[in-house]
Amino acid sequence: MKRQRRDWGVSSARGQQSWHALREQTHKTPGVKSLTVKRRQIFLYLKGALLGIVGIVIIGSGALWVGSQLQEDRSKGALADSKPLASIRYKTNGVLSHARLGSMISVSTGTRLIDVDIHAIKRDLESIGQVKQATVERDLPDTLRIQLQEHKPILRMVIENAAGEKKLRMVSRTGEVFEALDQPPDFVRTLPYLGPFQHNDGSYFPLGDMEQVANLLNTCEVNYPNEFQKWNVVLLTRYRGQPGLPGEVIEVRTKEGDSVERLIFSASFDFEKQLDRLRYIREVSSAMGDPLVRADFSMNNKAVVEFKSGRNKLL
Amino acid sequence: MENVPHNGTELEASIRVRVIGLGGGGSNVLAGIDRDRYPHVEYLAVNTDSQALAHSPLTHKVLLGQNITRGLGAGGDFEIGRQVVEADRAELEALVAEVDLLILVTGLGGGTGTAAALLLAELATQTEATVLAFTTQPFTFEGARRREISDAALADLREKVHGLIPVPNDLLLQETEEDDTALSAFAVADKWIGKGIHSLCAMLFETGIINQDFSALRNLLQRRGGKTIFAIGAGKDEDFVKDALSQLCDCPLLHATERPSRMDRILLHLVVGSEMGLAKIQEVVTSISEQFDSSKEIIVGAVMDSRFAKSLEICLIAKVEIEPTATTSDNAGLRNGREPMETIGSLGLENANMEANPKPVVHVSKLIGKKKKEANEDQDEFLFVDLEAQRGYFEQTDQNLYNNEDLDVPTFLRRGIKIKLK
Amino acid sequence: MSSPRIVAAVEIGTSKIAVLLGRLDGSTKVDIVGHSLSTSKGVKKGEIRDLRAVSDCVHSALSSAAGKYHIDEVYLALSGRHLEGNFNVGTATVSDAASRVRQIDVNQAIADAKRRELPENRSYIHHIQNPFCLDGKVVDSPLEQQGQRLEVGYWSVHADTPLIRNYLRVIGGYGMEVNDIVISSLASGNILAEEVEKDAGVLVIDIGGGTTDWVLYRGGFVVRTGVVSVGGDHITNDLCAGLRTGQKRAEQIKVEHGRAFHDREDRNEKIWLVGDYTIGDKEFPKSAATQIIEARVTEIFEIVKAEIKKADFYKVDDIASGVILTGGTARLEGLEQVAERVLGLSVRLADFEPGLDAELRRPEYTTVIGVLDYARVDQDRVDQSNDGMGILNGLMNVLGIQRKEASY
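Residue numbers (our numbering), protein chains in the order written: chain A, 1 to 315; chain B, 1001 to 1422; chain C, 2001 to 2408.
If we strip away everything but chain A, and leave its shape as in the complex, we get (with noise of 0.2 Å):
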């Protein structure tokens, strides 16, 4: 060591993420803390609950005050302008139909508009599963608005409940599964069938977040039409909706005939290269005359591609 050197510009890591904070633990017994620690511990969650209360305290007696006032001001102005319900005005982001909200909410015209229960009405179309969000308002003097978000379906799928009967149900982009309602026939029937992602526990639900799935199939339906046409289901199986996770992968199988693909897309990459690549892959099976076993995109760069013929390639 006789070369002269400086200062190496290097600093060992201190504070809390790092690792000397690891010394100090692994150094004091774990579980096992000084008298002054817990003193204080408890000084300080002392100190945060008596603030937490004082501030509950005033918030809460604020509401009420405005609360009380508002009221006072609806019900005097309300009493005063309202009629009997004479129409129902209402939109919806989706398909769900206006006969179908009648039978759904129950309220008679010729109530006085301000004996409605909006509430009661918001709660009912609340508990419909393909109603996200539902606003319900008095339009003084005579007019009830609804307005409804409603989840969009991207997948179908089918349960069979304990009894053993089955239904149709839609999956949104958020994971929800429901019932259609309204939902056009020409429309389900494009849609592809899910296999889902199974939990540690082995149940199913909650489906967790579609987002990435959505995305994989929008970019397709808009970019490969005729591509998306083929596709019939959409298996989860290896997803645990992490895309940035490796080995993330959402699967999809097609249908022509009685001939099946199994395309396997990375959750993680970019879709639109993927399905391009997938494009890609069609010529060559097409050029070559051999139909399309299997395309696993879940490398980067290159797809192994296994044909009919049992050739394996990679494209």
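Since the hints were derived computationally from the structure, they do not count as laboratory data. From a predicted model like this one, the values you see are computed outputs, not experimental measurements. Treat the hints loosely; a few may be bogus.
[Stated by the list, open to error] Cut-off 16 Å, straight-line C-alpha distance, at most; resulting in silico cross-link-like pairs (EDC-like, lysine to aspartate or glutamate): (1) A:K91 with A:E126; (2) B:K1422 with C:E2251; (3) A:K230 with A:D201; (4) B:K1420 with C:D2351; (5) B:K1420 with C:E2269; (6) B:K1420 with C:E2283; (7) B:K1236 with B:D1305.
Here the structure of chain A is known, so what remains is to put chains B and C in place on it, guided by the hints.
Chains B and C alone, transformed into the frame defined by chain A:
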């Protein structure tokens, strides 16, 4: 003895040998074997693909999973394979019954072959049969997933059979000619596995200079688990001894696994031409002994093939019961058995007629709360039940992935660089 | 300054455990008073797998190196694929009315650079400071300079927490605490590269048994470090598979006949596989071995190059002093040529410290020598500060910068 390979002794009739080719890969291997040479050996093909099965030249065929895959095959999907074999458990059970030596041949990493091998091996643990398995492992280019499935299956299978001889396709590619495709590597696998089976049969069914029979093999393999070393080599004409030894050392079946430094038991079987005397046989045995584990006595069997003067065929089987390097951590993280999806795997095929009248896909009643049935405590480490958890484990520790390539696999194999040893 | 301390520098490698015992008396001098090099067990690719096996090996290595000395402190070299880093830039707006940088601004920039939250189960090992920039210009010491916006970059290296815990447990089992941890690449790099080389830009690559550790210096600063979990053991393993021979013989062939690159002539040169010329032995062309090694070695350098490219530091002019190769695999014939071809930089093999004990002139000791040197520098810090809090630590860095110009 006469130049007829089998001579109908009592011995021959008393040993029941059944060779089962599983899935597409396994069935293909058997198709390429000369099955008439040892007529008492029963060859069977088991598959989910009815078409492939129909084309198979074997006389005994078993089609699995007609209710699930409708004869269309598992498509290389392990989950489907698993459902299929579970559904046809009874048929498979019959295959392992009343047999002394069961030889399973399969390609790992796919659907039917992998799942059927695991189940058959498990069923065979209930019988007296000695079980040998020849397996091929997928190419690196076939993707990480197949390899993961294959690796896990291999580990599982190893515990259940008496002898396991793995053959990675990557390695076989080395055996092929310069411009061959991956497909020719399969052909190479077929050739070597076929030769291996023949060598075993020669030992069991032919009598000659130094007789070894089934009890020697059974004694060698004894327990399930451990590591099996298997190699064959053959030479003819001028340098037949040298060629046979050299082929033995190059045998891809031998190099699939890391060779352990010590072997518990070694069995050597030679088929020699008429020109080879006992002295020469002794020389060969000594040479092999030095190359493998000279500290162990080698059990030697030899028969003469008087059709040839200068000819030598060597078959070496050795067993290591406990691997000294086995670490306890290797099985960590492979717990949490869970029931696989009941019918979901068959989606692609069931949906064929779903359009008009949707059929059930997910049986919710079955999906929730169903526990692994009658857990067989001893063999409960059925690796596949939690492939996801397993993959996580491999990624953290065992696999060394960089840009999706496993860096622990030799670079020249991954890049397909042919190494010429001659 | 203070009474001499006995410091043990420990590297728990995949194939070897190296321990170096040094006496630090507060001066720039380090007396090496003990050393040991033993076979490692329970470590794979630089990471602890079997805690008990590792503990046994390390404890006996420590004991044998210590001899009659009592170890006061333990410093640990760390490697493994689990090491990762991120580069963060901290900024501060100069608060002084006269736009002169004050200590508070420096502290703020530093704190800003270090604030990035790590995911669960990761712990920082180093925060390596890069130059300060004042309004976009690099400045040696920003204090008292005129400017508006102060920036500082940090290359922060973090590790897998459970693994670190294991290391602490191993040393803890010996009744010692780990004083500090240094990543192997830094330890080797700092000791092997001359200051002028660090200024001109230099890449130090240490190819060990299970891992390849590298560090890139530019403008006197450590700008990147990295670990490729491939080492000399992989070459041996590849030879086993390719030549169809056992581990021992493969290692022998690597050492005796191995060359990092393949030559056309190798086809004609024969090597005996077993080496005893007996009946089962046979010849194979040397090209088989060299092709296998070349594929592996090339890949190692390709990965290092790709990593540097990814960080956007692959500019030949900025690595003017080229590459220094070290580690056990550096003994492989022709390694420099392959490195040169793949990396496109001039390459030299590491030389040893002048005056170094003959016994210590082995590449396996390079890292621990570096770790001891780190401990030597670290003692100054320990003397000047006895607290490890973030801000103070930042201040230490500033002191470090200023000290840089001072002689020592």
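Each hint, compared with the structure:
no. : hint                 : verdict
1   : A:K91 with A:E126    : holds (15 Å)
2   : B:K1422 with C:E2251 : violated (21 Å)
3   : A:K230 with A:D201   : violated (33 Å)
4   : B:K1420 with C:D2351 : violated (37 Å)
5   : B:K1420 with C:E2269 : holds (13 Å)
6   : B:K1420 with C:E2283 : holds (12 Å)
7   : B:K1236 with B:D1305 : holds (12 Å)
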